[in-house]
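In the order they appear, the protein sequences are chains A and B. With the first letter of the first sequence counted as 1, position 225 gets the number 225 in the numbering used here; the numbers rise by one all the way through. Position in the second sequence counted from 1, then plus 1000, gives you the numbering used here.
Keep in mind the hints are simulated off the structure, nothing from the lab. A portion of the hints provided could be inaccurate.
So these bits of chain A aren't anywhere near chain B, every CB distance computed over 10 Å [said to hold, decoys possible]:
#1 ALA37
#2 GLY126
#3 VAL276
#4 GLY290
Not everything, but these chain A residues come out facing chain B in the computed CB check (under 7 Å) [stated by the list, open to error]:
#5 ALA85
#6 ASP127
#7 SER137
#8 ASP272
#9 LEU275
Across the chosen pairs, the derived CB separations fall in these ranges [said to hold, decoys possible]:
#10 B:ASP1027 to A:ALA253: 39 to 45 Å
#11 B:GLY1183 to A:ALA117: 50 to 56 Å
#12 A:ALA64 to B:PRO1100: 38 to 44 Å
Quick reminder that beta carbons are idealized off the backbone N, C-alpha and C, glycines included.
Protein chains: 2
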Amino acid sequence: VVPPKPEDAIVQVIANTLETKLGKAPDGEVWLGDDSAVLAPPRPGDLVLTSIDATVEGVHVDLALASLSDVGWKALTVAVSDLAAMGGRPSYALVSVSGPPGLDFPLLYEGLVGAAATWGCPIVGGDVTAADQLVISVAVTGTSPGPPEQPPVRRSGALVGDTLLVTGPCGASAAGLRLLRAGHGPSDVHGLAAPHRRPMARLAEGWVARRSGTNAMMDISDGLSIDLSLLLAASGLGAALDLVPVAPGATEADALGGGEDYELLMAVADPDRVLVEFAAAGLRPPLRIGRCTGEPGIITLQGEVLPITGWQHTF
Amino acid sequence: VVPPKPEDAIVQVIANTLETKLGKAPDGEVWLGDDSAVLAPPRPGDLVLTSIDATVEGVHVDLALASLSDVGWKALTVAVSDLAAMGGRPSYALVSVSGPPGLDFPLLYEGLVGAAATWGCPIVGGDVTAADQLVISVAVTGTSPGPPEQPPVRRSGALVGDTLLVTGPCGASAAGLRLLRAGHGPSDVHGLAAPHRRPMARLAEGWVARRSGTNAMMDISDGLSIDLSLLLAASGLGAALDLVPVAPGATEADALGGGEDYELLMAVADPDRVLVEFAAAGLRPPLRIGRCTGEPGIITLQGEVLPITGWQHTF
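Whole structure, please, built from the sequences with the hints as guidance.
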C-alpha cells in the first residue's frame, strides 16, 4: 500500500552499492537507512577533525570533460584532502547529492565509492534531493591520533627561517584541464588528464609530515601562490622562493595559479629530518621551494616580488 | 600584494557573525579558518550520531515566501531534527552554501546562527561556493550519551502491540505554506506560518523518549502517513490508527501528507510511563494515535485501510 517515492529507488541503489563496495557497518554501528548514522566514538584522547566541501557542476567540474564517476571521485577526495592537510586520517564521510532528474546516480557513486575505498573513508550517511544543477557536498570526519606534542598541523604555525616544502610539483591539474579542453585524452583517466579528473589526497604525506615536526601545512587547492599567501598570512610571515616546482606538461603559471593540485605545502624547521622520514615511509621526497621570512605579505621568487594569482571559482 | 578573493570577504563576514553569536572555540579546538575544524572527542563511551541534509531553493523552500533568514533556520533545524529522532543531542554543525552572486550571506547566516544557538549546535566549519541555485547542506554531529541499555532509538525496533505516539499535532507546516501562498502573513514569523518557516527540532522530546524506553522513533518530515509507513516497514509491522492528530488551521490531509512538521513519531510499550516522563520534564504530552499490528504494510484508520500520501519533493 506504500507507493515508492522516486528517491527511494535511488537510495536503495546507493545503499546496495555502498554495502557491496565498502562493507557493512561493524556491530553497534548504523551506517544508512535511519534518521542518522550511529558510530563508535574515536579512541579516547584522539582529537576529531571535520570538514565539508561542495563540488558544483559548472564551477568546479565540467560534465563535458569529466565523467560523473570522476566527479564523484573528486568530490570525496577534495574533502579528504582537508584532513590530510592537518596530518589527520579520515574515519567516515557523509554525502549530500542535489541533482537534476535522470542523474546517473550509480555512475556518480562509482566514483564516490572508489575514492571512499581508496582513502579508507566509508560513506555512512547521505541525502538525495532534486536540483537544477548538480551539487555534491561531502563532509569528512576523522581523527588526529598520536601524542599531544604532535597536534593537528595548522596554517598558522610557520616561523621565520622555516623551509618551505611541497609534496610534489604543481600545475598538473591545470595542464590536464587544458588538454581536455583541447580535445585530448578525455577517456584517458590514467594519462595526463588524470591529475585534473582524479586528484589524489596526500594522506600518507600529511601523516608523516605531522610526525616529523612540521610547523604549518595546508593543501594547495587554489594554486601555489595564493595558498602560500594564505599560510603566510595565518603565520604573519613572508617568503623568499628559490624555485617554482612545475609538473611535467605544465607551465610555471599553471603551477603558481592553476589550482586543484592538492599537493601539501609545509613549513618545517628541519627539512632534512622531514626528508629522512618521508624516505623511511617510502614516500616521494618533498621539494624545497624556499623559506619563510619576517616580512609579512611579501613573497619573492629569486629576489623579485611575486604577483599573487589564484584559481578563481566564479562568484 | 594579495588580491582578496570575493569569497574571502564573505567568509570573513561569516566568521565574525559566528564568533559574535556563538562564541569562540574552547581551548584546544579550532572552529574556522583552517583546512578542517579540530574538536575535542566525545566523552568515552558516548556513541556518535551524524547526519547530512540539503535544503534546495525551489524544492524545499520558496524564496518568494520565506526570507533567507528563515531558510537558514530551517536548513540547520531539519538536520538537528535527525539527531532528535534518535534521542541524541547535537554537538556541532558544518554548513556548505552554494548560491548565486549577490546572495545575502549575512541574512542567511542570521537564521543559521539563530538555529545553531537555539539547538546548542555551534557551526564549526563550512564552505562557500558559487551556484545558479541556492543549495545549503548541513552536516550535524552529536552524541547519544547515557547507559548502554538506552541506545539511540532506531526506526526498526517497534513491536506488535506498541502504542504509537506523536509529540504534537501534524499539518501545521502545510497549513502555514497555504497561508503564505494565499498572501497571508508572509512577515508574521510568529504567526500561523511559523511552523512552515521556522520549524522546531524536538530535541528535548527525543531525549526523554529515549530515556523512557521508546522502541522505535523517527521525525515526521514527509508527512505522518508516509513516515509511519517507513517506521513500520523498518520494523516489519502494520498499524491500526484511532485518530489523526490535526494541528489548528490544518486539515486531516495536511496532517497525513503535508510533511515538514518535524514532530517525532514513537512506538512505545508503556505509554503511561512515557507520558509521566514527558510531564516530569515539563514537555507537552505526546498524543496517542494508535498501535502497531502484525500485518506488515497495512495501516488502518478507524478500521479502514489508509492510503499512503506523502510530501513529494520534485525529482
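Against the structure, the hints come out as follows:
1. Under the 10 Å C-beta cut-off, the non-interface status given to ALA37 of chain A relative to chain B is violated; the minimum distance is some 5 Å.
2. For GLY126 of chain A, the non-interface assignment is contradicted: its Cβ lies about 6 Å from the closest Cβ of chain B, within the 10 Å cut-off.
3. Residue-level check passed: VAL276 of chain A sits 25 Å from the nearest beta carbon of chain B, beyond 10 Å.
4. For GLY290 of chain A, the shortest C-beta to C-beta distance to chain B comes to about 16 Å, beyond the 10 Å cut-off, and the non-interface label holds.
5. The interface hint given for ALA85 of chain A is met, as the beta carbon of that residue sits about 4 Å from the closest beta carbon of chain B, less than 7 Å.
6. Annotation: ASP127 of chain A was flagged as interfacial toward chain B, and the flag holds, the nearest CB pair being 5 Å apart, inside 7 Å.
7. The beta carbon of SER137 of chain A comes within 4 Å of a beta carbon in chain B, closer than 7 Å, and the hint placing it at the interface holds.
8. Interface hint status for ASP272 of chain A: violated, as the beta-carbon distance to the closest one in chain B is roughly 26 Å, over 7 Å.
9. Checking LEU275 of chain A against chain B: minimum C-beta separation of about 23 Å lies over 7 Å; hint violated.
10. Separated by about 43 Å at the C-beta atoms, ASP1027 of chain B and ALA253 of chain A satisfy the suggested range of 39 to 45 Å.
11. Take GLY1183 of chain B and ALA117 of chain A: their Cβ atoms lie about 52 Å apart, and the range 50 to 56 Å holds.
12. A beta carbon spacing of about 22 Å between ALA64 of chain A and PRO1100 of chain B contradicts the range 38 to 44 Å that was offered as a hint.
This entry does not satisfy hints 1, 2, 8, 9 and 12, going by the numbered hints stated previously.
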